[in-house]
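Guided by the hints, dock chain B onto chain A, whose structure is given.
Read off the chains here:
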Amino acid sequence: MRTAFKATKFPRRDLLKAGGALIIGFSWRGALFAQGQDAVGFIAGPDQPDPNRLDTWLAIHADNTATIFMGFVELGQGASTALLQLAAEELDLDMSQVKSVRVETHTAPNQGGTVAGSAVMRGGPRIRAAAAEARLALLALASKKLNVPVDHLAVSKGIVTVVDKPNRSVTYGELVGGKTLGVPFTGKAPLKRPSEYKIVGTRVPRNDIPDKVSGKYVYAQHVRAPGMLHGRIVRPRGQGAYGAGATVVDIDESSIRNIPGVRVIRKRDFVGVVASGEWEAIRAAQQLKVTWGTTASLPGNAGLYEKMRTETTTDTVALERGDVASVLGRAAHVVSKSYRCPYQSHAPFGPNCALADVQPDSALVVCSTQNIYLTRDKVGKVLGIPVDKIRIQYYEGSGTFGHSCHDDAAEAAAILSQAVGKPVRVQFMRWDEHGWDNYGPAHLAEVRAGIDVDGNHLRAEGSRDHDRGESYTTAAVYRDPLPLSNASLIHHCPKGRGEAAAETCGSFEAQLIWQADQIEIRTMNRDVLG
Amino acid sequence: MSSEIKIKVNERLWPVTSSPDTPLLYVLSNELLLQGPRFGCGLAQCGSCSVLVDGVETRSCVTPVGSLAGKSITTLEGLPAWYAKQNGLRKPPALHPVQQAFIDEQAVQCGYCYNGMIIKASELLSKVPRPTEAQIRSAMNGHLCRCGTYPRILKAIVRASQTTSVPPK
Chain A
100 MRTAFKATKF PRRDLLKAGG ALIIGFSWRG ALFAQGQDAV GFIAGPDQPD
150 PNRLDTWLAI HADNTATIFM GFVELGQGAS TALLQLAAEE LDLDMSQVKS
200 VRVETHTAPN QGGTVAGSAV MRGGPRIRAA AAEARLALLA LASKKLNVPV
250 DHLAVSKGIV TVVDKPNRSV TYGELVGGKT LGVPFTGKAP LKRPSEYKIV
300 GTRVPRNDIP DKVSGKYVYA QHVRAPGMLH GRIVRPRGQG AYGAGATVVD
350 IDESSIRNIP GVRVIRKRDF VGVVASGEWE AIRAAQQLKV TWGTTASLPG
400 NAGLYEKMRT ETTTDTVALE RGDVASVLGR AAHVVSKSYR CPYQSHAPFG
450 PNCALADVQP DSALVVCSTQ NIYLTRDKVG KVLGIPVDKI RIQYYEGSGT
500 FGHSCHDDAA EAAAILSQAV GKPVRVQFMR WDEHGWDNYG PAHLAEVRAG
550 IDVDGNHLRA EGSRDHDRGE SYTTAAVYRD PLPLSNASLI HHCPKGRGEA
600 AAETCGSFEA QLIWQADQIE IRTMNRDVLG
Chain B
14 MSSEIKIKVN ERLWPVTSSP DTPLLYVLSN ELLLQGPRFG CGLAQCGSCS
64 VLVDGVETRS CVTPVGSLAG KSITTLEGLP AWYAKQNGLR KPPALHPVQQ
114 AFIDEQAVQC GYCYNGMIIK ASELLSKVPR PTEAQIRSAM NGHLCRCGTY
164 PRILKAIVRA SQTTSVPPK
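The listed protein sequences derive, respectively, from chains A and B.
Everything in the first sequence is counted per our numbering, starting at 100 for the first residue and increasing by one.
Everything in the second sequence is counted per our numbering, starting at 14 for the first residue and increasing by one.
With the rest of the complex left out, here is chain A (with noise of 0.2 Å):
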């Protein structure tokens, strides 16, 4: 039931030809470079797998299953198996003989965060590809094999049958036997119909869910390791500007004398405490006394839109199409309205925690992340360690609408794991967590639309995030059918920060709901209106 800890080995997926496995994957590239080059490109390097090498999206077994690796985790959201059902539709496989395996940085693609409810759409595309191009790369083999053109078989759940010769077929695990396939991928294999679909479209039941409610799921807060040590982190109560920390003037540690055991960690204005009990750890942090340079402050919410309104901005237009300014100015009706959000914490159900095995020259991190690599990265920085010595593995943790203390949480268990030279594991209390969270920005949008006498729908939209000074536009004419969204602000806007979308998207629906409204009412009205 515990989770296997070891540090001191690097996963090699070269470990699956032991197995009899045909190793598959593909360039990225040609089609998939539709979805835009901002659904996250790949990085090539030896510290994650080659993205053009054939073994990075998946294996097929001798015993005619299949893992399907992704970049993408799951986060409650059911992804690791929509992204499964993609596979074995493209595969002829069924659901049972499609797995995947845990993420992590070494064995898994860098396909960037899971981010914005975009697992599917973005990692989608990928896996698909990978599967469609497995699918007829096992069809060549098997064609050779049963000595029969290609168009002449048939595959059902990894089954390859001549056509009308229901006797004579060969199953994916046998084609492979042990060996690579070694083909080039071009990315151009076709993929199914949507009327061909089997899987696809079919309701599927999560396959994390028997383990969610049975209580075998391995959360990120329930992994352990030998000989590890309890963590916590301390700060200053309260709220704080995220990236002005404060800063420490004194640690008292006779103030937690009574306290056993218990070691004070501190790297410059970094402190917490470890030892072998949870309580203890948990104790001391609350107790121990630390004088801090600066308090958490902030200015409140007390005229907080009106001061987004005003300040200073830098403007960036989103999307300008047609003569907003002048139609606006011929509508027959105009309505200008604004849509407020606050700042909001990403505020996971249960706080962040993370486990660190730090080695003079090589560490391991347990942590829920929405990108493995990036966590490295940050990791890499505050340990001094190269990332290809940096093995990061997810645990899904608890629901979190974003970015929330994920790195912070791995930082610290890697800070207070080089500091004690043994595991740490670090739980953030609910105060580490919501205190010093990196809060999604406030949001203000203004909204200006009509509708001119030819039936012509105006839009004017600007939205501001406060505390990073932007603010997008996008001003368009449409004429009917009005777009449920304007996918090109809220593409750009506010930039990078999926869970602002739901502020934006409110912003726009709300609008266009009063839209449909006088569509409705001109409509009902259109004798007297005219």
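Worth flagging that the hints you see were computed from the coordinates, not collected in a lab.
A few of these clues could be false.
Said to hold, decoys possible - So the derived list for chain B, only partly shown, Cβ under 8 Å to chain A, looks like this: (1) Ser31; (2) Gly55; (3) Cys126.
Please read these numbers as outputs of a predicted model, since none were measured by experiment.
Every residue, glycine too, gets a C-beta built ideally from N, C-alpha and C.
Chain B in isolation, oriented as in the chain A frame:
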């Protein structure tokens, strides 16, 4: 800091090495290595650490382990056996009906709070086998789900209540 404390968890007696003031949660997690009860808020506000103590839902994150002598603690892991015992079944089912209902309804997202959801719903059904929706809402009121799966939790508990045995009087 050794002590003579023994606690009964899932029908087994366990010696405890933690000090008596240690909250039960940390003993269950670090000494018994159980994964059902888990740290959420540490303040008895969210319910993710819940266990049954003599059949009553209890927040293990604030309950000193020293206060539990002679009591029977049931965690998520022991729920099917607890259910069997309650209902005079010869053999524990693979899952408590509430657990099964959460699978059937595909209710879970991250699932972190579901330990508490299942413990609380099981406690409710042990007392009120056929609760009204209002009774379910009222009972579950102190358990938080960050993913917002409440409607499915409600549906799953209704479903479970339709398959739950009614304990013999």
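- Query: Given B/Gly55 as an interface hint, is the shortest Cβ-Cβ distance to chain A below 8 Å?
  - Reply: holds, 6 Å
- Hint validity - B/Cys126 Cβ closer than 8 Å to any chain A Cβ: holds, 6 Å
- Interface hint compliance - B/Ser31 to chain A, C-beta minimum distance less than 8 Å: With a closest approach of 6 Å, the B/Ser31 hint holds.
When the structure is compared with the earlier hints, no violation turns up for any of them.
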